[in-house]
Amino acid sequence: AQSVAQPEDQVNVAEGNPLTVKCTYSVSGNPYLFWYVQYPNRGLQFLLKYITGDNLVKGSYGFEAEFNKSQTSFHLKKPSALVSDSALYFCAVRPLRSGGSYIPTFGRGTSLIVHP
Amino acid sequence: DTAVSQTPKYLVTQMGNDKSIKCEQNLGHDTMYWYKQDSKKFLKIMFSYNNKELIINETVPNRFSPKSPDKAHLNLHINSLELGDSAVYFCASTAGKATGELFFGEGSRLTVL
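Going down the list, the protein sequences come from chains A and R. With this note's numbering, the residue at position 65 of the first sequence is 65, and numbering never jumps. Each number in this note's numbering comes from the position in the second sequence (counting from 1) with 116 added on.
Please note: incorrect hints may appear among the correct ones.
[Said to hold, decoys possible] Cut-off 27 Å, straight-line C-alpha distance, at most; resulting in silico cross-link-like pairs (DSSO-like, lysine-lysine): (1) 157/R <-> 58/A; (2) 187/R <-> 156/R; (3) 183/R <-> 49/A; (4) 157/R <-> 49/A; (5) 187/R <-> 58/A; (6) 69/A <-> 22/A; (7) 77/A <-> 156/R; (8) 160/R <-> 138/R; (9) 183/R <-> 213/R; (10) 183/R <-> 157/R; (11) 22/A <-> 125/R; (12) 77/A <-> 187/R; (13) 135/R <-> 49/A.
[As the list claims (entries may be wrong)] Which chain A residues stay away from chain R? Per the calculated CB distances, all over 12 Å, these: (14) 9; (15) 13; (16) 41; (17) 45; (18) 51; (19) 54; (20) 82; (21) 88; (22) 90; (23) 95; (24) 110; (25) 115.
Treat the hints as calculated values from the structure; they're not laboratory data. Note that the structure is predicted; figures quoted are calculated from it, not measured. Cβ atoms here follow ideal geometry from the backbone N, Cα and C, with glycine treated the same way.
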């Protein structure tokens, strides 16, 4: 069975500093990895995904993520954090299940707080 | 235009009642989902529906039932509501391929008194 771990419940960073939100995964076969962001009282929004190719993936709002197969990680990064980046971030994996269904599994979420 | 829309956004009801949450997507997607987000923000898959194939999370009580009148709609019906059903329910859709990202609705906050 697939699983996703986000080891930090909360990440605090000062505005202008780089940020990293960690994600590790466990899955059979090729992992399709995603990051989503959730602002208060809103639905999740897609940020970026890794399917194949370049290990560094660029996404919305200046975010990027690095796929590391040997460490089974897909950490989310941004060179310079903004206060408006404060939100809940979810990592997700979407592998092939038996029977051909692709049901995404989400991590528990990491609350990112960017201080002015 | 809203890609995935859910109604109602808020729902307050008494224990034992039956309620429904509607979901519609105008993206032409083949697959739709219902997720439950609890008070700790953990997202739990409840149902996946693809081309009339329903996949149910075995931990979901049978009081919950998805109903799909067509490819663009996946409604959630809940019988005999319990206090523990209070949560935010999210509908999502995707193109059906493993590589496709999910598009989420804004959520429906259910409060059971």
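Taking the hints in turn, this is what the structure says about them:
Restraint check for residue 157/R and residue 58/A: satisfied, since their Cα atoms lie roughly 26 Å apart, inside the 27 Å limit. Taking the CA atoms of residue 187/R and residue 156/R, the gap is near 31 Å; set against the 27 Å cutoff, the hint is violated. Between residue 183/R and residue 49/A, the direct Cα distance comes to roughly 30 Å. Violation of the 27 Å bound is thereby established for this hinted pair. Simply put, residue 157/R and residue 49/A have alpha-carbon atoms about 21 Å apart, close enough for the 27 Å limit, and the pair holds.
Restraint check for residue 187/R and residue 58/A: not satisfied, since their Cα atoms lie roughly 32 Å apart, outside the 27 Å limit. The straight-line distance between the Cα atoms of residue 69/A and residue 22/A is roughly 14 Å, inside the 27 Å bound, and the hint therefore holds. The suggested pairing of residue 77/A with residue 156/R holds, with an alpha-carbon distance near 24 Å, which does not exceed 27 Å. About 18 Å separates the Cα atoms of residue 160/R and residue 138/R, which keeps this hinted pair within 27 Å; it holds.
With a C-alpha separation of about 22 Å, the suggested pairing of residue 183/R with residue 213/R holds against the 27 Å cut-off. At most 27 Å may separate the alpha-carbon atoms for a hinted pair to count; residue 183/R and residue 157/R meet this at roughly 25 Å. In summary, the hint linking residue 22/A to residue 125/R is not supported, as the alpha carbons are separated by about 31 Å, beyond the 27 Å threshold. The suggested pairing of residue 77/A with residue 187/R is violated, with an alpha-carbon distance near 36 Å, which exceeds 27 Å.
Between residue 135/R and residue 49/A, the direct Cα distance comes to roughly 35 Å. Violation of the 27 Å bound is thereby established for this hinted pair. For residue 9/A, the condition that its CB be more than 12 Å from all CB atoms of chain R is violated, with the nearest at approximately 9 Å. For residue 13/A, the non-interface assignment is confirmed: its Cβ lies about 19 Å from the closest Cβ of chain R, beyond the 12 Å cut-off. Here residue 41/A does not stay apart from chain R, with its beta-carbon only about 8 Å from theirs, under the 12 Å limit.
A Cβ of chain R approaches the Cβ of residue 45/A within 12 Å, the least distance being about 7 Å, so the stated non-interface status is violated. Residue 51/A, annotated as away from the interface, has a beta carbon of chain R within 12 Å; the closest lies near 5 Å. At roughly 15 Å, the least C-beta separation between residue 54/A and chain R is larger than 12 Å, which holds for a residue marked as non-interface. Interface exclusion of residue 82/A from chain R stands, the closest Cβ pair being 22 Å apart, more than 12 Å.
A beta-carbon of chain R is positioned within 12 Å of the beta-carbon of residue 88/A; the least distance is around 6 Å. Consistency note on residue 90/A: stated as away from chain R, yet its beta-carbon is not over 12 Å from all of that chain's, at 7 Å minimum. Listed as outside the interface, residue 95/A is inconsistent with that label: its C-beta sits roughly 7 Å from the nearest C-beta of chain R, within the 12 Å cut-off. A Cβ of chain R approaches the Cβ of residue 110/A within 12 Å, the least distance being about 10 Å, so the stated non-interface status is violated.
The Cβ of residue 115/A lies farther than 12 Å from every Cβ of chain R, with a closest approach of about 21 Å, so its non-interface assignment holds.
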